[in-house]
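Chemist: Heads up: the sequence lines are chains A and B, in that order. So for the first sequence, the working numbering puts the first residue at 1; every next one is plus one. So for the second sequence, the working numbering puts the first residue at 1001; every next one is plus one.
Worth flagging that the hints you see were computed from the coordinates, not collected in a lab. For clarity, every value in this text was computed on a predicted model and none was experimentally measured.
Here are the computed distance ranges between Cβ atoms for each label pair: (1) A:Pro55 / B:Ile1068: 29 to 35 Å; (2) A:Ile306 / B:Thr1084: 31 to 37 Å; (3) B:Lys1247 / A:Val123: 46 to 52 Å; (4) B:Gly1165 / A:Ile156: 23 to 29 Å; (5) A:Leu242 / B:Lys1247: 48 to 54 Å; (6) B:Ser1122 / A:Thr179: 51 to 57 Å; (7) B:Asp1159 / A:Leu112: 48 to 54 Å; (8) A:Leu112 / B:Val1077: 33 to 39 Å; (9) B:Lys1247 / A:Asp88: 28 to 34 Å; (10) B:Lys1108 / A:Thr179: 35 to 41 Å; (11) B:Asp1126 / A:Val171: 52 to 58 Å; (12) A:Val115 / B:Leu1427: 55 to 61 Å; (13) B:Ala1424 / A:Val100: 29 to 35 Å; (14) B:Thr1084 / A:Val115: 41 to 47 Å.
Rough simulated footprint, nothing fancy, chain B against chain A, three-plus residues with beta-carbon under 8 Å: (15) 67 to 80; (16) 150 to 157; (17) 175 to 182; (18) 253 to 265; (19) 277 to 284.
Quick reminder that beta carbons are idealized off the backbone N, C-alpha and C, glycines included.
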Amino acid sequence: MQTAHQDSTWATASQASRTQQAPINKRLRTGTRWLFIVLCLLPSMILFLVFVLLPVIQAAYYSLYNWNGLGPLDNFQGLKNYASIFQDPVFIGAIIHNLVIVALSLLVQVPLALVLAILVQNVPGKRFFRLVYFLPYVLSEVVTGLIWSFIYDPNIGLISDLTKLFNPSAVPPAFLADTRTVLIAIFIVMIWKYFGFHFVLYVAGLQNIPAELFEAARIDGANSWEVTRDITLPLLGSTIRLSAFLAILGSLQYFDLIYVMTSGGPLFSSDTMATYLYHKGFQNFQLGYGSAVGVTIFIICFVFAIFYQRWVMRRDLAGAAE
Amino acid sequence: MKRRDFLISAAALAAPLALAACGGSNSGGNGKVTVNWWHINGTDPLKSTWQNIANQYMKAHPNVTIKITIIPGAALVFQQKLQTAMEAGTPPDMFQSWGGGNLEDYVKADQIQDITTYLQQSGWGDTFGKGPLSLYVINGRNYGVPWDAGAVGFWYDPDLFSQAGIQQPPATWADLLSSIDKLKAKNITPIALGEGDKWPGAFYWEYLAVRRGGQSAFQNAYSRKGSFADKPFVEAGQYLQQLLALKPFQNGSLGATYASEQQLMGNGKAAMELMGQWGPTNDAASAATPGSNPKLGFFPFPSVPGGLGAATDVLGGGNGFAFSKKASPEALDFARFVTNATNQRGLAKQNALVPPVTTAVDGLVDPEMQKVQKLVANATYYQLYYDQFFSATVGNGLNDQVQTLFAGTKTPAQMAQAFDAVVAANLKQ
Chain A
1 MQTAHQDSTW ATASQASRTQ QAPINKRLRT GTRWLFIVLC LLPSMILFLV FVLLPVIQAA
61 YYSLYNWNGL GPLDNFQGLK NYASIFQDPV FIGAIIHNLV IVALSLLVQV PLALVLAILV
121 QNVPGKRFFR LVYFLPYVLS EVVTGLIWSF IYDPNIGLIS DLTKLFNPSA VPPAFLADTR
181 TVLIAIFIVM IWKYFGFHFV LYVAGLQNIP AELFEAARID GANSWEVTRD ITLPLLGSTI
241 RLSAFLAILG SLQYFDLIYV MTSGGPLFSS DTMATYLYHK GFQNFQLGYG SAVGVTIFII
301 CFVFAIFYQR WVMRRDLAGA AE
Chain B
1001 MKRRDFLISA AALAAPLALA ACGGSNSGGN GKVTVNWWHI NGTDPLKSTW QNIANQYMKA
1061 HPNVTIKITI IPGAALVFQQ KLQTAMEAGT PPDMFQSWGG GNLEDYVKAD QIQDITTYLQ
1121 QSGWGDTFGK GPLSLYVING RNYGVPWDAG AVGFWYDPDL FSQAGIQQPP ATWADLLSSI
1181 DKLKAKNITP IALGEGDKWP GAFYWEYLAV RRGGQSAFQN AYSRKGSFAD KPFVEAGQYL
1241 QQLLALKPFQ NGSLGATYAS EQQLMGNGKA AMELMGQWGP TNDAASAATP GSNPKLGFFP
1301 FPSVPGGLGA ATDVLGGGNG FAFSKKASPE ALDFARFVTN ATNQRGLAKQ NALVPPVTTA
1361 VDGLVDPEMQ KVQKLVANAT YYQLYYDQFF SATVGNGLND QVQTLFAGTK TPAQMAQAFD
1421 AVVAANLKQ
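Start from the sequences, fold in the hints, and give me the full structure.
Modeler: Here it is, written out as structure tokens:
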């Protein structure tokens, strides 16, 4: 492209070429380009509509009825299902359990992953550690639940055998049978399984920090703690916020391990909103009520996600890092 | 370039949809019939025997193909899968059914074939005992046939009993409690219980309710003239508490599954369990080495003097087949073959079932299973376990409430009230 000025700086050249191309862009924008964009988006839009949006709307519709899944929808309840949900002490307990898992995730799991990621940064054999820490995440939830149910079994399990090894006359603890310890016992399995995912996130985040910054800090005489506090943590900020977001969202919806290990028991002491939905909706064949629970979980998670993205992750999503 | 790529991707998208639409047709055009059979028996001898019977039938009827799908595990798992298939409009032709409230829900939703006429005309209905067949009668019409009709009772390890000095199985409630004391004195776990699954523990409460209240109290409460918070049902909880006070179960029973109960019984780690007629075969399958399981004996639930029920009242249930509305006559004919006297006798010999077919009762050679069969045949009152008698909500509600007694978080009166509230809220529907 021939420009009016023979200025060879990068900015003016590209600016000039942009003005030269403007008339051509205008033509493309209104024509086949838009059609192409729409066609590319269409498959995923259809999938999203059919498998995500439509079921949510359908669930909201079913939640207005009492329905056992067979036959017509003929028992209109209005918003009574929602009222029953919040009057059920089991559901209130389930929400509390979810919040406990959220709190434990943020206080234990995320910091653990962060600390380990930083520690393993420059250690010999760091590839080995990364593999080993990530492995539990790869196991299926059901297999994990079965393995750990066996470990926790108070008669033939690993923990029971270890207890008897040290004290043959002791009665081994039955963590999954005690309403006070069951949630913590399951949470330990959750840490074991999921911290590897957050660990990998942090490892990737750490690799994005330019090595020059660390070198410069070392030259200036900073010790490891100061480096971590003033360079690593601030620059990992967006990763930490993302990791916390995923941890909270995952904790609010958690189902798998709890269903496999205890079915929410004993006496609903390890129930979460999702396992509650399963009991009341599917096992009791009350799909209207279950749909109401599903919509409630959806609203809670949706409100949280919107709030978190607008306030906490605002900087990360605005692409302000330049 | 763009157009070709678009057409290729469109074809790729459409192909799986076309294939999905193809599947699921029942009969080809040339007289070939497929019968889809869903059953719940994932262990032998039933698993292989069902397949052998199907193979025999297919040999004799070359135009019929029997496709078996096994969904092993708890009744709840099977019922949910079945429910999903019914909602999708693709139910199996022939499937496992326990009768009671669950079958009634499907009948009300017009999903089950009415086989009354077929049973009468073919004489098939007369081969069954009246009691077992009646579990599949809804509003006077037949909707299924039984292939097993049993009872819940105590299965015990005679070796462990003799080690504890128990000469003969307990006949009364007081005998049972003292047997437990004797077993504990020898450091033997008296009872194996998978209360984490909730339904094994519910048997105790239901049997005590049968003993204390008999048929009259149940009918009263069910018809809503009385309630499930009436005296006999509270007493059931109180008697259960007497049992719980002895701490007769294995460590961690509140969180244990039925699978771990089977493991304990199959490996001689516990002296007895209260279980249905399927108990011994399941326990045997859990033995560490095949054949090393103890040979279990049977004794009926002990009498509880002073109650309205009799010692000959029975809590139990069976297994049966029901058929979808679209099931072909070939499916019914096949089921008739499955439940004929020869096949019933063969399975009875292996202790896989207690035959409801009256001419096959002589196939029961195991004296323990004969005890079960006599119990059922002579039952003065036969109560189907609550979680099959009632709909899922009420049945699961009872199991949940009984668990509170095992955990000690509710009194018998509170628990009975809570259960009655569940019944009241759900019976109309």
